Structure formats: structure tokens, C-alpha cells
Amino acid sequence: MLSYIVRRVLATIPVMAVVALFVFSLLYIAPGDPAAVIAGDQATPEDVERIRASLGLDRPFLIRFGEWAFRILQGDMGNSIFTNLPVTTMIAQRIEPTLSLMALTLLLAIFIAVPMGVVAAWKQGTIIDRAVMVFAVLGFSVPVFVVGYLLAYVFALELDWLPVQGYTSFSEGLWPWLENLILPAIALGGVYIALIARITRATMLEVLSQDYIRTARAKGVGQRGILFLHALKNAAVPIVTVIGIGIALLIGGAVVTESVFAIPGLGRLTVDAILRRDYPVIQGVVLLFSFIYVLVNLAIDLAYTLFDPRIRY
Amino acid sequence: MNRRDLLKATLAAGALAGTHGLSAPALAQGAAARTLRFVPQANLANFDPIWGTQYVVRNASAMVWDTLYGVDDQLVPQRQMVEAEEHSPDFKVWTFRLRPGLKFHDGEPVLAKDVVASLARWSVRDPMGQMIRAIQQELVAVDDRTLRWTLREGFPKMLWALGKTNTPIAFIMPERIAKTDPFQQIGEYIGSGPMRFVRDEWVPGAKAVFQRFDGYVSREGTGSWLAGPKRIMVDRVEWTVMPDPATASAALQNGEVDWWENPISDLVPVLRRNRNIMVDIADPLGNIGSFRMNHLHPPFNNVKARRAILMAMSQEDYMRALVGDDDKLWKPLPGFFTPGTPLYTEEGGDILKGPRDLDAAKKLLAESGYAGEPVTCLVAQDQPITKAQGDVTADLLKRLDMNVDFVATDWGTVGQRRAMKNPPGQGGWQVFHTWHAGADCVNPASYNAVRGTGDNAWFGWPKSEATEAAIARWFAAPDLEAEKLAIAQVNRAAMEDVVYAPTGFFLTYQGWRRNVSGIQKGPLPFFWGVSKG
Numbered sequence: 001m002l003s004y005i006v007r008r009v010l011a012t013i014p015v016m017a018v019v020a021l022f023v024f025s026l027l028y029i030a031p032g033d034p035a036a037v038i039a040g041d042q043a044t045p046e047d048v049e050r051i052r053a054s055l056g057l058d059r060p061f062l063i064r065f066g067e068w069a070f071r072i073l074q075g076d077m078g079n080s081i082f083t084n085l086p087v088t089t090m091i092a093q094r095i096e097p098t099l100s101l102m103a104l105t106l107l108l109a110i111f112i113a114v115p116m117g118v119v120a121a122w123k124q125g126t127i128i129d130r131a132v133m134v135f136a137v138l139g140f141s142v143p144v145f146v147v148g149y150l151l152a153y154v155f156a157l158e159l160d161w162l163p164v165q166g167y168t169s170f171s172e173g174l175w176p177w178l179e180n181l182i183l184p185a186i187a188l189g190g191v192y193i194a195l196i197a198r199i200t201r202a203t204m205l206e207v208l209s210q211d212y213i214r215t216a217r218a219k220g221v222g223q224r225g226i227l228f229l230h231a232l233k234n235a236a237v238p239i240v241t242v243i244g245i246g247i248a249l250l251i252g253g254a255v256v257t258e259s260v261f262a263i264p265g266l267g268r269l270t271v272d273a274i275l276r277r278d279y280p281v282i283q284g285v286v287l288l289f290s291f292i293y294v295l296v297n298l299a300i301d302l303a304y305t306l307f308d309p310r311i312r313y
Numbered sequence: 001m002n003r004r005d006l007l008k009a010t011l012a013a014g015a016l017a018g019t020h021g022l023s024a025p026a027l028a029q030g031a032a033a034r035t036l037r038f039v040p041q042a043n044l045a046n047f048d049p050i051w052g053t054q055y056v057v058r059n060a061s062a063m064v065w066d067t068l069y070g071v072d073d074q075l076v077p078q079r080q081m082v083e084a085e086e087h088s089p090d091f092k093v094w095t096f097r098l099r100p101g102l103k104f105h106d107g108e109p110v111l112a113k114d115v116v117a118s119l120a121r122w123s124v125r126d127p128m129g130q131m132i133r134a135i136q137q138e139l140v141a142v143d144d145r146t147l148r149w150t151l152r153e154g155f156p157k158m159l160w161a162l163g164k165t166n167t168p169i170a171f172i173m174p175e176r177i178a179k180t181d182p183f184q185q186i187g188e189y190i191g192s193g194p195m196r197f198v199r200d201e202w203v204p205g206a207k208a209v210f211q212r213f214d215g216y217v218s219r220e221g222t223g224s225w226l227a228g229p230k231r232i233m234v235d236r237v238e239w240t241v242m243p244d245p246a247t248a249s250a251a252l253q254n255g256e257v258d259w260w261e262n263p264i265s266d267l268v269p270v271l272r273r274n275r276n277i278m279v280d281i282a283d284p285l286g287n288i289g290s291f292r293m294n295h296l297h298p299p300f301n302n303v304k305a306r307r308a309i310l311m312a313m314s315q316e317d318y319m320r321a322l323v324g325d326d327d328k329l330w331k332p333l334p335g336f337f338t339p340g341t342p343l344y345t346e347e348g349g350d351i352l353k354g355p356r357d358l359d360a361a362k363k364l365l366a367e368s369g370y371a372g373e374p375v376t377c378l379v380a381q382d383q384p385i386t387k388a389q390g391d392v393t394a395d396l397l398k399r400l401d402m403n404v405d406f407v408a409t410d411w412g413t414v415g416q417r418r419a420m421k422n423p424p425g426q427g428g429w430q431v432f433h434t435w436h437a438g439a440d441c442v443n444p445a446s447y448n449a450v451r452g453t454g455d456n457a458w459f460g461w462p463k464s465e466a467t468e469a470a471i472a473r474w475f476a477a478p479d480l481e482a483e484k485l486a487i488a489q490v491n492r493a494a495m496e497d498v499v500y501a502p503t504g505f506f507l508t509y510q511g512w513r514r515n516v517s518g519i520q521k522g523p524l525p526f527f528w529g530v531s532k533g
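Top to bottom, those sequences are chains A and B. In terms of the working numbering, the first sequence opens at residue 1 and continues consecutively. In terms of the working numbering, the second sequence opens at residue 1 and continues consecutively.
To be clear, the hints were calculated from the coordinates, so they are not data collected in a lab. There's no promise every hint is true.
Derived contacts from chain B toward chain A, CB cut-off under 7 Å, selection only [as the list claims (entries may be wrong)]:
id	residue
1	Gly52
2	Phe183
3	Gln185
4	Ala206
5	Asp244
6	Thr413
These stretches of chain A come out as covered by chain B in the derived footprint (C-beta under 8 Å, 3 or more residues) [claimed, not checked]:
id	segment
7	30–37
8	77–91
9	163–177
10	263–272
Note that the structure is a prediction, hence the values are computed from the model and not measured. Here a beta-carbon is modelled for each residue, glycine too, at the ideal position from N, C-alpha and C.
With the rest of the complex left out, here is chain B (with noise of 0.2 Å):
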């Protein structure tokens, strides 16, 4: 019994004994065992996975809808709701057959014309799905257990883009609910994962509460991610959103929850010193920090200019900025793909290695034609990663004699301006900040920021015809070997004609009570497998 619980028994038993309604409620040993109390990165302000594409979305999703394939944490697609798959030679005609028994929350079974509503909403918003749209012929149920997917060409990553960890998941609702037009929000939240919204304790901001679904089929075996069995170990998982992450660490410390996703760098030291306390690296996947440059205005519609950015920028400035002293959790990153994985490359990335060099990069930039016009930063403050980023910017630009017009605001401003093509006096912009999971940076599949499209580009508008061709070659890569080749081809590409600069890779700690076992690290919290003691 600690202090609080005999402060309570006391006052309970002392003045206010024999008046009922005033007697705390006992939470029981058992119940408070079989609930896990976690603490999420953002507040789960809407629940549809295919409408909103936040990350918390994404991450509590996970555990209410399920996916016909997941990928491990060697980044392979595995089966997960399909029990078996074949496809024609040439990759145009995919075959897939459900496993038996699969139950949606309601308890109606799930056939095959709910997973071609599903996967028909989710082609509509998500950038591989449409890929496979733009090339498909017919998407039919064949049977119950059996749905086929017919292609104009070939597709060789479909199982990847069906089973990745990229938002938006491939998740599986039920066909009444999948028919939603994928702009409008879902009211009705039955999947067939291994947990079940509970719709009636969810208060956005502040509440959400997740009960395990004992009608759903696990797979056998071992797995990781969102691959192989989930099990549910405890019986209830309830979000608690804690915009302070002081309040958060205090609450991890005193035992009022059990988990917290996100602890930021500066409180991490504070945690280790509790011994009650576990901190390890949340996502091996970490983040890609990043420097978005316009590219339809000057200075940085001049290639020089971009490039003079990259000659100049001190990835570490920005790491140190982000998180502090700790060297494990940051390296520079000569490349736009995520360390650690098998297509990382720094191919064409020699121009972020060694010292910076200020004068030549001001020489380049005074070729490009700048001449002390102001630059326009948007610097979202509400968002650490980015006020960080645009400080250090801020400066490196003052430092390479450019005119700053230094737009301190918030992200939801930024959201906005940013897809403003205007010039920067009129409305428009020069640089923001962003980051990238890199989880999404794996490889190009979902990993817009580093398109080449022009006009159809993600912010910032890059035209970069050989990354283009580059990706081409990615997306129709038959082995490992030539993705290799592809993916240093794209890097070198995209660093040539700078799509955007990235400042550096970094990682963020999880941290959780010592009496919860069975987290894993990965690109979101996985709940099955985790236990309470």
C-alpha cells in the first residue's frame, strides 16, 4: 500500500466513514492488472484511418481493424487475414483467399465484397493505392473467401503496398461501412481486429478505451508488427491524451500509467533515475528531418541555390537542436532513405559529408542570381521538430548573408500557406520544415516528399525528371538486387537536383513501468503481446 492508498483508507475510514456515497471506489488488483494505461503521442481527434491520416490514427486503428497482410519487422509483407495468394506471371492478376472464420466485431463473418469496399476507399486516398488504380481493370469478390484484383500492368509490389506500415493501412471494415466516400469521416467503427472501440467512453482530447475482441482468430506462430499472431493480453487498453509531457513523465513515475509513447529527450534523464522506470528507443525507423525548399520561386527555383544549402548545412546543428546531447539518438544522413534498412544507400550524398564549407556555398548561391531578396520561412513553434528546425535555419541562412522574413507560427498555419504557389509576398512561401517517419522512407512506395512531379509534387513542388525515371525502375524491380540499384539511382537524382534537404536522422524513446512486458519497437505501439504484471 503506498501513501495515497493509506491517506485514502484513512480518510476513508476516519470522517467521512459511514457516509456512502463519499467512500473512494477500490479499483481491484486484478482489474487494474488487466488494464494497460498508455499515453499517446496525439490526441485521437477522429477515427477513421482512410479520412485521417495522423500517425494516432493510424496507431490506434491498428488494433480495431485488421489487414490482409502486415509487414514484419524486417520490413517483408506476411499474411495476416489472407490465407493464401497467387498471381499471373506478368504480376497483373492477383488472387487472394481469406482465412475461414474471420469475424467483425458484430459478429457477421467477413467475405470477400468487404474487403473490395475496403480496398476500393483506400485506393482513393493513399498514394500506392492510387497506383493501383490509375492501372486497374476490375477489382470483383469471387466468392465468399475469394476476390480477385485485375491489372492493366503489372504490379510487383502489391503485396507490400497491401500489408505496409505507411499511413493510410490497408485496413479491412465492413462493406457498409467501406462504401463511405473516403472524403467523408466513418460513423461507425467495427473492424475485425484483435480489440473493439468502445464508442461510448471516447472523449476526444482526453479518453480513448479499447477492449479486446475474444471472437477474433489469431494466426499461429511467431511474428512482429503488424505481422503474425495478436494477442491480446490484458483486457482493456485505455489512451489517456496528456498535452504536457511533464504531467505525462510525472504520471509515468507515480504509477498512474503504464506506457508512454513519446517521451521528449529532456525528460528521458529524469525517467532513468526511477528504477521503476524502462527507456528504450521507441522506432529502430526513427525520422528523416526535413528542410523544404519552394522550388517554383527564387532563389531556390535555381538549382544552385538549393545545392548552396546543402554545401553549407550542418546536419549535426540540426540534430542537436532536435535532441540535445544524447549521440544515440541522432546521425547525419548523406541520403534520403532510412538508415538500417536494405535499400539505404548514400549514393550521390558526398555533398552532406565533411566540413561545411560557408564561402564556397555563398559563391554558389551568388551565382544563382540571389541578391539579398527577402527568403520567407514558415516556422510552425508549436511543433518542437520544427521550431528547432527553422532556429537553425534561420541562422545558417543570417550566416550565408541572406535576408530572413521569419514567419513564426503554428502548424495549422503552416498547413495551410504552405500550399499556396504564390510568390512569398503574396501570400506565399519560401521554406518550411517538416519531418518524415522513416517508416515511410523505406523506399518510394509512400514516400511523396522525395517525388519529382512538378506541379503534382508535394509541397514545394520539385521537378526532378531522373528521380522520376528512377522510381519508374523501383516500382517495377523484380529482385532485391536491381531495387538496390534503383534506389541509389533516385538518391544520387534527388541530391543532384535537390527535391529537398534533408537535415539529419533521428530517433525518439518509449518509456514504460518495469511490471509491463512484451513491447516491441517498431513504427507504432503494437499492444498485442504486451502483459501487465
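Chain A extracted, bound-state conformation (with noise of 0.2 Å):
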């Protein structure tokens, strides 16, 4: 197992790097100049050129590239060439509202569609399960920044229980991380929900037609126990996955949900940064981003060996 999760974590250096050289050439090839847009609305064509000139955009390819991967071998995202910020002091500010925005939605979807999907299959064709499956094609369909804005209106504004925006430390207070936190993981947790809760049910749907299942239920378990512990523990492998390939989702997610609720975590900053061509930290992001989806599958495959014993690494 640990030669295995060595081989894993090194195989993520050659993905790194192709990754890093595909948003190189990406952006490269992209049209847009930062000067213009740091120039601004008045400033003459030359003007534009000095600035491109002193931010060395007007340098070769591969000379610019060869510079940015070898201070990444150092572990320097290099500056942002508006804030003048080092990328990874951007990256500090923005991580934590993120990382907290994802950790709720998941454990919230985690929590409400297992159980979903698990009765939903157990209720099968009652009205339980039709009303599971009306949530979850809703889920997938009504947009998250509409779910987000109508949260909002009723949560924040006719009630007045939440704070329409903005982001609060957890180090400032549970109470206080959570307020700002809840309505945009409920608006983002929709599609994930839906997802887990179809594929939950779907998988135990056909684990709860097995044999073994039927053995059970002759030897007397009771309906939780073959619902909770026979036949749960024999779908996880593809709810995991799943799981684990929602990530993607949260992440392409969590950039419209911070913008509806003013959270200043990294899908604003990735947003900002493509429309003002801000390289260094799009580059810095998305490798970022990479690397954390590298490890999450990493982590889904490691999982798998809990759920099922056959499984060997």
C-alpha cells in the first residue's frame, strides 16, 4: 500500500507538468493583453507597449516559459502583474473560503443524498421515491446562481436569518463562518446532491436485487441493517467515485457561487485573473486546482480498499 501511494504521488509530477505546459501554451496562444488593460482607457499605443515591454510579455515563448518552470521547480508562482503580489500570498488569501465552501457542500451533500438515494431505492416506484427523484432532476436542471439568488431573497432578505454576501473566518467563530457559509453550500450542493442521491439509488437498486441480499433478509437481519450494512457497504465503490468526480463540479461551481455571494475565495480570484490576462495566477490556480484533483482521486482509489476488501494496491 505505501509503495503504492509513493508511486501515485510521484506519477503526479510528469501530470504536473504537463499540465503546466498546457495553460502555458494556452494562454500564450489566447488573445488579450494585460498592458491594455493595466494601461487603460486613455493610454496611448505606446504606452501600452512600454508596459508589455517592463512585465516582459513582448519576451519569446520559450524563454518565458523556461523562467516561469524553473521558479516553479523552486516553488515560486512568481507575482501577479496587477497586484504585484507573490501568486502564492493571493492563493493564502483566497484557500480558506474555498476549501470551507467545498468541505460544507460536500459533507451536506455527503449526508442528505446517501440517505436519499438509499431510501429512494428501498421505496422504489412509492411516492418517496418519485419525490427523490423530482428533487434530483431539479438538481441537475434550475442553474445554481438562480437557486443562489432565490436563497437569498427568502433567507437573507424577507427573513432576514443570513447575510446576503461575504465570507468570515473560521477562526473568528463557528456561528459566524457558518452564517455566511450556509446559503451558498445549499445553492452549490444542489447538482452534487442530485448526483450522489441518482447514483445511490441506482446502485442500490441492483445491489438490493443480489442473492446475498435475499440470504439476508432469510436469515432474519432487519431491513436497516441489509439497507445500512449489507447493501451500502457493497454500492459505495461507485457512489465514492462519484464523489470523487463531483469534485470537478464543486470546483467549476464554486466559481459562480462566490461571485452570487461575494466570497472572496479562488473561483474569483481564477475569474478575475482570466479577464485581466493576469498569467501568473491563472497558471497558479489551475495547477493548484490540478494538483488537489490529483489527490482527490488519489484519495477515492485509497478509499475503495475500505469498502471493498478484494481491492489490493
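Dock the two chains into a complex; use the hints.
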């Protein structure tokens, strides 16, 4: 197992290298000019050209890539073109809100979606099953920002229970942290809950039709034991896989959710950087997200062994 | 106590009681009243008002850095850091004496050498500064409080240059900071303005914080805009960046912020329905929409094609696309200068008045030699103002039987591509849209868009010798009457050569909670004199 983990961690190095080359190349060929954004609308073309030169954007691709890659190897992501702050500092400023949002959404989704899927499978064909499926379809269909606006309108503007926007650090207390994240997590979690609930239901239906479930029933195991001890454990591998894949959904959804609820997270940092062509920031954030995604997949692979002892690495 | 406070209290006192780390910190009523929470028009992504010339940078900088002069709401430059000035009769030698006791935020006195270094850096980047620099003989500190600017030619508009609101403003920085290359960003944010920048709390894209500078030496009397006393009535000003207007609107209604710089017109009716919110015009100088044509390539290298556009365009269509049905927010603009200002003129603007004549425009277009070639129209979709104008233009060009190549893109791409002089088929363009702050268009001083200097002109590269000659007469004008005459000539010449096509004049709103008072209407948000009950 340990050697497997080491091999997987080492395998992230070429993956990250390919991601780095891909992102750098993509940004190089993409249209747009940060110098023009910096110079402002009244600037002359000569001003823009001088700013471009001062930023080193007029140099050849290979030189720019080489310098950037060399710095990355030393753990230096460079400085933002616009703020002149180190990219690592900007990421550090923004990572807590995004991780908090993703973690809360993940928890919310798992604790709501898995029981929903299990109950829907158990009560297949009943009104409960249909209600779960209607919720799942809605969760897939209604965009995150629509859910976000509706939640903000009802729970912040009308009922005045929760704030509309912002983020308070966990270090300032649990409730201040939570009150800013409840609505965004529900908004972002909708699609994720729908996805997990549907997969759980489908997998559970398959497992519940297996011979060993019938045997368990014949031996007198109770309904709860059958569902949560025998069936769910055997259905867990595809559910865990979907949870892992869904992390990418969360990252994408966080961009929208952070904008709707004005949460100063990595999603907004990414969008701002893309609109301004702040290349070092875009590269840094994409590398970070890629790394997180690789690690999540590793964790998911390792989690398989917990649910299915036949899987060995 | 509102419901959320009650909920907090209940939770704190109930299930979470006794768990020290779980209780919500209470912001004391007094502290809340001493913090003004503001939603700016855009993200403060950098903080160097000379290096980055975005309006949002200027607006924040006006709190931190002071100026030698400041224009008031009558567009007259008034002394600010300067105690007195004198100039030679031919306007070639200008001497300025600083007020005593001025201090930077680090406690160091403001000296003439700081001003000299600041003006030297500013003059590299500012259009008026560049004009002064081109005729500069000497800029020196005579003593700690006196500096002298000696020019080879007279420059009567000196005080306007040093006090204008147009970006970049001539902000005064300590010499060590001002010596930074004007094309490199400064790394220290020390000024002598009424507020200091709290760098530790700056989260670009999210938050910027300013604290009152108790060492600020304010002028006495009354003032307005950048002129007169700059008394800060709160301890802190917190900027919260909200990219989504609906969120900003909800936050203002919910009392989570106090002042929103630029509510979009769609949300204004919602804000007006809230009795705790005031909504009013933000800046009486407003904005001028711009349909910018490329004078280097067909069809708009022919003045007849450009005039056909003026003849056919309906400014009402453009303005309604921008501001909706609120008639208080727009007016037609048969000229290039800001309505309601002393130099405003409609001289030569008849082509934009009266019913639109598409048939005559088509005829003129045919005379220009246009024969159905694609017309590349760059339209930034991420800027509501450019998108709305682009949509109207696409429809207009189609009605003129033009072959529209509608390039839907983002502002970053437009910013790069509009600088390309290549023919449209090779990466170039024929049309893009933008807008100009009315404060920039009160005269030609910082109004690059109206210049007709050909290859050296702003994007589109219009060449209009008559316009340039008239602008030169304005710079040399000794009094208001002479200025008005020169501007009328500028307007007529620029309209005849169609330097660009103005799409109309429009205003925007600002909104604030009723417990906030002292908010001025002006080209930027002025934080002095603003208090919160």
C-alpha cells in the first residue's frame, strides 16, 4: 500500500508538468493583453507597448516558459501582473473560503444525498422515490446562480436570518463562519446532491436484487441492517467514485457561487485573473486545482480498499 | 435588534452557550457607525495611480494621496497642497509654495523635492503632463517648500493639469516612491492624503481598507470635489468588491453595506422601493458613448462612409439599450463635449439631429465605394455598455446593407486587438465601442479620443488637421470666451471629419443607506464629509 501511495504521488509530477505546459501554451496563444488593461482606456499604443515590455510579455515563448518553469520548481509561482503580490500570497488569502465552501457542500451533500438515494431505492416506485427523483432532476436542471438568488431573497432579504454575502474566517468563531456559508453551500450542493442521490439509488437497486441480500433477509436481518450494513457497503464503490468526480463539479460551481455570494475565494480570483489576463495567477490557480484533483483521486482510490477488501494495491 | 441578531443571540445563548470559541463576535454599535462600508465600481487590483490608470485606482488613490490643486464642482482648480503660486506673464515660469505642516503617513514632512519627483513621474504618463514635459526646461525644488517649473513655451492650463480629476491625477508621493519608473508599479503606499491605506487587510478582488490619517492638515472653509477641506468623519472606510450587481443590491437592502457606487439601472426601482435607501445621480458629468471607426482601412478610411454612419445612427436607440426607459438618465449629444459644462457646444452637430435618413446614408455609403466587404465589429460581451452599443450597431449596419462581421469577445481581447493597425482580414478591425467619462470630455486636455493626430492618435487613428489646429488654439486661449470659440471649432471639425461617432450622453446612479449623509455628486466618490449615523 505504501509503495502504491508513493508511486501515485510521484506520478503526479509528470501530470503536473503536462498541465503546466498546457496551461502556459494555452494562455500564450489566447488573445488578450494585460498591458492594455493596466494602461487604461486613455493610454496611447506606445504606453501599452512600454508596459508590455516592462512586464516581459514581449519576449519569446520558450524564454518565458523556461523562466516560469524554473521558478515553479523552486516553489515560486511568481507575482501577479496587476497587484504585484506573490501568487502564493494571493492564493493563501483566498484558499480558506473556497476550501470551507467545498468542505461544507461536500458534507451537506453526502449526509443528505446518500440517505435520500438509499430510501428512494428501498421505496422504489412509491411517492417517496418519485419525490427524490423530482428533486434530483431539479437539482440538475436549475442553475446554481438561480438557486443562490432565490435563497438569498428568501433567507436574507425576506426572513433576515442569514447574510447576503461575504465570508468570515473560521478563526472568528463557528457561527460567524457558518452563517456566511449556509446559503452558498446549499446553492452549490444542489447539483451535487442530485448526482449522488441518483447514483446511490441506482447502485442500491442493483445491490438489493442480489442473492446475498435475499439470504440476509432469510436469515432475519432487519431492514436497516440490510440497507446500511449489507447493501450500502457493497454499493459504496461507485458512489465514492462519483463523489470524487464531483469534486471537479464543485470547483466549477464554486466560481459561480463565490460571485453570487461575494465570497473572496479562489473561484473569483480565477475569473478576475482570466478577465485581466493575469497570467501568473491563472497558471498558479490552475496548477493548484489540478494538484488537488489528483490528490482527491488518489484518496478515492485508497478509499476503495475500505469498502471492498478484495481491492489490493 | 433585527431577526438575524435575535437568531444569533438565541443560538449563542442556547445550544452554543458555554463554548467560548463558538460565540459570534459582536461589532459594537459605535464601531459600526465609525466604519463606512462601500461597494466600488470595480476591483482595486493594483494601487499605483500613475502605473494603472483605471478609474477605480484613481478613486481609491484620492483618499491616500493629496494633490497640489483640486478642481471643484464648477470645474475650477483650487489650491490644495499649495499655499500660493505665481507665474510669469507669458506663462513660462511657474513657482509654487507648499502649505506649511504637510505630512506623509509615515510622519515625514512633505517637501518640494517630493513634489518634483512626483510631477516628473506623472508627466511621463499623463497626456497634459506629456505636453508640459515636451516644453520643459527645468523642474526644480528651490527650497523645502518652493518649487519652480520653467518651460520653453507658455502653458496657461497649468493649474488645470495639476488639479484635474482625469486619470492619471498628479498625486504627490514621497520622493523615494515617486522615483519608481512610471512603467513599473510602486510597492509602498504612503501618501499625505486624509486616509492611509491598510495594506495588511488588502485582498485584491475582495476588500480594501482605509483608515483616517489623524496627521492630515485639512484646508479650512468649504469646498467640493477635490477642492477644499477633506475632513474624514469615520474611522475606517471598507471597500467590498461585489462583481454581481444583484448581490450588491441585496447587501445594500439588507444593511450589510452603506454605499454602492454604481447600481445598474435595472435594479434601481428595487432600491427605490426600500425606504432605507436613497438613490441619486452619481456624477452629473456622466458619460459619452463612443462608436469608434478605424480610419486606416475601408470603408471608414473614407469620410463619406463615416458621415453615413452619423446620418443613420439613432442616439436614442443606443441610449435606451444602455439605460432602459429612464429618460432622466440620457440625452442626445450632437457634439463631443460634456453637456452642462462651460465649453459645451453643438456647433457642427446638425448631422446627428432630426429624423434619421437611412436612404441618404446608403447613398453616401455607396459613394464612398463600399461594395459589401465584411465590416469587423469588435464587441466586448463582458462590459454591459459595450455589449449594448455593439448590438445596436450591428443592427444599424445591417439596415445600411453592410456585411457585419460581429466578433463577440471580451474586453481584454478588444483591448489587445484594437491596437492592431493590420487590415481587418489580418487581425485588424473596423469598429469597436467604448465610453468616455464626462469629466474627461469637458475640454480637450485629457480627451485623447477627440484628437486627430493620425498615426499617433488614439485607436482608430483619425487624422484631422482642422481639429488639431482648433485644439492648439484652445490650449493657448487666455480666457473663457476664447476657449469657447476654440472648442466650437474643435466640435465642428471633429464632426466634419468624424473623428468618432458619439452615441449619446448617459448618467448613472449611486445608492446609499439613509443613515449615511454628506455624499456628493461628482466624477469620483468623495469620502470626505461623509458621515454615518
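We went through each hint and held it up to the structure:
At its closest, the beta carbon of Gly52 (chain B) sits 5 Å from a beta carbon of chain A; the interface hint therefore holds under the 7 Å criterion. Annotation: Phe183 (chain B) was flagged as interfacial toward chain A, and the flag holds, the nearest CB pair being 4 Å apart, inside 7 Å. For Gln185 (chain B), the suggested interface contact is upheld, since its CB lies about 5 Å from the closest CB of chain A, less than 7 Å. The beta carbon of Ala206 (chain B) is positioned within 7 Å of a beta carbon in chain A (closest approach about 3 Å), and the interface hint is therefore held.
For Asp244 (chain B), the interface hint holds, the least distance from its beta-carbon to any beta-carbon of chain A being 5 Å, beneath 7 Å. Interface restraint check: Thr413 (chain B) against chain A, minimum CB-CB distance 4 Å, threshold 7 Å, status holds. Interface restraint, the segment 30–37 of chain A with chain B: holds (6 residues with C-beta to C-beta distance below 8 Å; minimum three). Taking a C-beta to C-beta cut-off of 8 Å, the segment 77–91 of chain A contributes 6 residues in contact with chain B, enough for the three needed, and the coverage statement holds.
Evaluation of the coverage hint for the segment 163–177 of chain A: fulfilled, as 9 residues show C-beta separations to chain B shorter than 8 Å, against a requirement of three. Residue count for the segment 263–272 of chain A with a Cβ under 8 Å from a Cβ of chain B: 5. That meets the three needed, and the coverage hint holds.
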